[in-house]
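Generate the whole structure from the sequences, applying the supplied hints.
2 protein chains.
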Amino acid sequence: MMQSSLQLIDEEAEKKPDREIADLGVRRTERPRLVILGGGFAGLHLVRNLEKSDFQIVLIDKHNHHTFQPLLYQVATSSLEADSVAYPLRKPLRKHPDYHFRMAEVQRIVSGDNTIVTNRGTIEYDYLVIATGARTNYFGMDNIKKHALPMKTVDEALKIRNEILHNFEEALYTHDPQERQKLTNIVIAGGGPTGVELAGSIAEFRRYIMPQDYPDLDIEQSKIYLIELLPELLGPMSDEASAKSEEYLQQLGVDIKKDTKILDYDGEVVKTDQGNIPAKIMLWTGGVSGAFPEGLDDGLVTKKGRIKVGETGQVMGHERIFALGDVASIESKDHPKGYPQLASVAVQQGRFMAENLMRLRKGKSLKPFRYKNKGTMATIGRKKAVVDMPGFKFQGTTAWLVWLGVHLFSLVGFKNKLVTFTNWAWNYLRHDRETRLIIKDSQ
Amino acid sequence: MMQSSLQLIDEEAEKKPDREIADLGVRRTERPRLVILGGGFAGLHLVRNLEKSDFQIVLIDKHNHHTFQPLLYQVATSSLEADSVAYPLRKPLRKHPDYHFRMAEVQRIVSGDNTIVTNRGTIEYDYLVIATGARTNYFGMDNIKKHALPMKTVDEALKIRNEILHNFEEALYTHDPQERQKLTNIVIAGGGPTGVELAGSIAEFRRYIMPQDYPDLDIEQSKIYLIELLPELLGPMSDEASAKSEEYLQQLGVDIKKDTKILDYDGEVVKTDQGNIPAKIMLWTGGVSGAFPEGLDDGLVTKKGRIKVGETGQVMGHERIFALGDVASIESKDHPKGYPQLASVAVQQGRFMAENLMRLRKGKSLKPFRYKNKGTMATIGRKKAVVDMPGFKFQGTTAWLVWLGVHLFSLVGFKNKLVTFTNWAWNYLRHDRETRLIIKDSQ
Numbered sequence: 001m002m003q004s005s006l007q008l009i010d011e012e013a014e015k016k017p018d019r020e021i022a023d024l025g026v027r028r029t030e031r032p033r034l035v036i037l038g039g040g041f042a043g044l045h046l047v048r049n050l051e052k053s054d055f056q057i058v059l060i061d062k063h064n065h066h067t068f069q070p071l072l073y074q075v076a077t078s079s080l081e082a083d084s085v086a087y088p089l090r091k092p093l094r095k096h097p098d099y100h101f102r103m104a105e106v107q108r109i110v111s112g113d114n115t116i117v118t119n120r121g122t123i124e125y126d127y128l129v130i131a132t133g134a135r136t137n138y139f140g141m142d143n144i145k146k147h148a149l150p151m152k153t154v155d156e157a158l159k160i161r162n163e164i165l166h167n168f169e170e171a172l173y174t175h176d177p178q179e180r181q182k183l184t185n186i187v188i189a190g191g192g193p194t195g196v197e198l199a200g201s202i203a204e205f206r207r208y209i210m211p212q213d214y215p216d217l218d219i220e221q222s223k224i225y226l227i228e229l230l231p232e233l234l235g236p237m238s239d240e241a242s243a244k245s246e247e248y249l250q251q252l253g254v255d256i257k258k259d260t261k262i263l264d265y266d267g268e269v270v271k272t273d274q275g276n277i278p279a280k281i282m283l284w285t286g287g288v289s290g291a292f293p294e295g296l297d298d299g300l301v302t303k304k305g306r307i308k309v310g311e312t313g314q315v316m317g318h319e320r321i322f323a324l325g326d327v328a329s330i331e332s333k334d335h336p337k338g339y340p341q342l343a344s345v346a347v348q349q350g351r352f353m354a355e356n357l358m359r360l361r362k363g364k365s366l367k368p369f370r371y372k373n374k375g376t377m378a379t380i381g382r383k384k385a386v387v388d389m390p391g392f393k394f395q396g397t398t399a400w401l402v403w404l405g406v407h408l409f410s411l412v413g414f415k416n417k418l419v420t421f422t423n424w425a426w427n428y429l430r431h432d433r434e435t436r437l438i439i440k441d442s443q
Numbered sequence: 001m002m003q004s005s006l007q008l009i010d011e012e013a014e015k016k017p018d019r020e021i022a023d024l025g026v027r028r029t030e031r032p033r034l035v036i037l038g039g040g041f042a043g044l045h046l047v048r049n050l051e052k053s054d055f056q057i058v059l060i061d062k063h064n065h066h067t068f069q070p071l072l073y074q075v076a077t078s079s080l081e082a083d084s085v086a087y088p089l090r091k092p093l094r095k096h097p098d099y100h101f102r103m104a105e106v107q108r109i110v111s112g113d114n115t116i117v118t119n120r121g122t123i124e125y126d127y128l129v130i131a132t133g134a135r136t137n138y139f140g141m142d143n144i145k146k147h148a149l150p151m152k153t154v155d156e157a158l159k160i161r162n163e164i165l166h167n168f169e170e171a172l173y174t175h176d177p178q179e180r181q182k183l184t185n186i187v188i189a190g191g192g193p194t195g196v197e198l199a200g201s202i203a204e205f206r207r208y209i210m211p212q213d214y215p216d217l218d219i220e221q222s223k224i225y226l227i228e229l230l231p232e233l234l235g236p237m238s239d240e241a242s243a244k245s246e247e248y249l250q251q252l253g254v255d256i257k258k259d260t261k262i263l264d265y266d267g268e269v270v271k272t273d274q275g276n277i278p279a280k281i282m283l284w285t286g287g288v289s290g291a292f293p294e295g296l297d298d299g300l301v302t303k304k305g306r307i308k309v310g311e312t313g314q315v316m317g318h319e320r321i322f323a324l325g326d327v328a329s330i331e332s333k334d335h336p337k338g339y340p341q342l343a344s345v346a347v348q349q350g351r352f353m354a355e356n357l358m359r360l361r362k363g364k365s366l367k368p369f370r371y372k373n374k375g376t377m378a379t380i381g382r383k384k385a386v387v388d389m390p391g392f393k394f395q396g397t398t399a400w401l402v403w404l405g406v407h408l409f410s411l412v413g414f415k416n417k418l419v420t421f422t423n424w425a426w427n428y429l430r431h432d433r434e435t436r437l438i439i440k441d442s443q
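Going down the list, the protein sequences come from chains A and B. Each residue of the first sequence is one higher than the one before, counting from 1 in UniProt numbering. Each residue of the second sequence is one higher than the one before, counting from 1 in UniProt numbering.
Any given hint could be a false lead.
Pairs count within a copy or across copies, as identical chains cannot be separated in the list.
[Unchecked claim] Okay, derived cross-link-like pairs now, DSSO-like style, lysine-lysine, Cα gap no bigger than 30 angstroms in a straight line: (1) LYS364 <-> LYS258; (2) LYS383 <-> LYS95; (3) LYS62 <-> LYS223; (4) LYS383 <-> LYS303.
If you're looking for bench data, these hints aren't it; they were derived computationally from the structure.
Now the structure itself:
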């Protein structure tokens, strides 16, 4: 009786190899198909603004979630839950009748066939938007790629969290003061916003959490180094912001090494042109390059791996292929080398592209992209932040509050805002970080 | 100049092998040393109640966090952030002057030497409390151990979340209906509280999330099976609770197979004495056994892997070794085979043990443990729960609200309570689960 209710298996069918599924399993409808590669800031904000469009929309990303990269450093330093900075990519367009998400890795564009090749099969497009973002750039230094920890994904941020906490645990088990030194030192490569924010957050962890959590360690011995190639931190920001962020980091006890070039790293010692630093952890925020997919003409890709794009968002020489966000270098008078690779640029380009694609469908002419600079900012610690707005610069507590507000407001998903706010309030009031958890096997 | 400020490395010291560190690096003080093995409910509640004791306290756990196991199923089913059900074990006794946590795996007790052997070295004790909990029991079925997914740790719960979501993604890429069936079927082995709660939660995910998230999948095809060896679910609970939970699960479309024995599982097909079920995922909640450390007399360990303990908490024949929680079988008239392996028993025993240890230090006689049964409960879904209190049983919305309140109240850490409440409120109001994230590499 029960036998029949269970599903029987056709042994024959079992053995047949699965043919590759056409168009990643997305069925053609009467709507023109728009394929979007990448669910970062540009891709997500494009999708969200296509709710009323008549496209069949296919979003492809190798993760099933959007990552709010500006807050990854807080995941890495035990301040925020990983899930708060991620947002499910199946969700943004629930009311659109023909929206499809596919988790796949893009391998190649075959523009002659209007086709994308992924690790899960191919898919045809009528319109294509490339928003594949940026990848960590090691500038050809293989040892660094092998031993340093990058921070572009949630998984990488969690790995940093695990490694830092794990090394502190490990430091309790050694007699050797030099080994202990290596285990408690942390080197951060790159003095841009990510490096500065990481350094500040780790320094606050050392100040507020470590003395209570690790009574058996000499906290003074643990050093945090921030290494920057150029003569100042936060290069693209104002001189005031650079100077103040340096002052803040020094207050928190960060060793800042400017004008210093990293030469090599073997997982034990960071070699620089100014001397060596023993450290089991080096966080790499040294640079990014565009994560362009293969298949485009070499002439279309800049030295920094970005795709050359006209001011309408169209890839040069392709009417139906667009690129935006970090991977795109949109031509403009103000920014001849492309707009800076910032979340705010990507968000504005996403919205802009939605409008242009809908104009295209209506037979209207495409508009040129105009960037509205709303300012840049970085936070170093409690009541320590720097903000550059057009014609208005400020630092300190107000800047910090502005930073908090802007990030909370920009965070994708209302639930994420609530959970993040809860964590921040708790951390602020209690000088605490309860997500100092090693979630992985105990080794 | 800068060279000098960087730390130089002594190449010689580098090469010396590290001697094993004595007592896991914990220095002896004038206080008698109490070593506690395990930071689960029993260990954590013991530690928390020793704030005013004169012991040197050393807590050893293989994770650096406590795990609130009753809510792991919500992590596994995308309802809660992983970090909300974990609590840092370095934190509970911040005000005690001589509290030490060590992340290490206990391997053996050498009671003749008053010593514990761990994977990180040995440590001497004056008093020892064994609170190592329970481990998943596969009843000797190696295939099941190899292919089924257990759920005792945060990491295991996250693995379940990743696998379920990943298989749904995978199902989009196949032509073969039987392969698709296997990818979307989920089998839950064990009809105790964990199995029932998992089945209910997955069934609600299928009902509320899948139709919107996976428009390309035929959701009706995805089946959820709950397999129980005995003729009823929730065996230890009342008949009313068993019957009602079954009714609720049927309403949610769970296929319940009682009186069914699982024989084998190869990762593709679950073999039972009533027929076969194709499924790429089998969650195993089939049973636990005590996770007793080696080194105790064989005669001290029961068939279920629990340590025989007198009513004062002392291990039989050992004056200074105690055991509590899931790993302990404390003798009592009401429960000749030991108290049930429940969080509430462990919490009460933790508190009880703190009192007894302090009595011991004052030369007072030890008290016998008395369990105060406050009831048991399980939740199946929205407004669907069952509660058995002594002399009072109820089900439905009230039971569900009681379940929510009790779990929120019991959750360790105020921040965790806040974040969990936020998630629950969101999930309830929006029929949503925003933590449906695959956080791992994209493969």
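How the hints compare with the structure:
In this assembly of identical chains, LYS364 and LYS258 lie within 30 angstroms of each other by CA distance neither inside one copy nor across copies; the values are 51 angstroms within and 64 angstroms between. Taking the shortest alpha-carbon separations for LYS383 and LYS95, only the inter-copy value of 27 angstroms comes in at or below 30 angstroms, while the best intra-copy value is 41 angstroms. Taking identical chains as interchangeable, the C-alpha atoms of LYS62 and LYS223 lie at most 30 angstroms apart only when they sit on different chains, with a minimum of 27 angstroms there against 36 angstroms within one chain. With identical chains, the CA atoms of LYS383 and LYS303 are never at most 30 angstroms apart, being 39 angstroms at best within one copy and 59 angstroms at best between copies.
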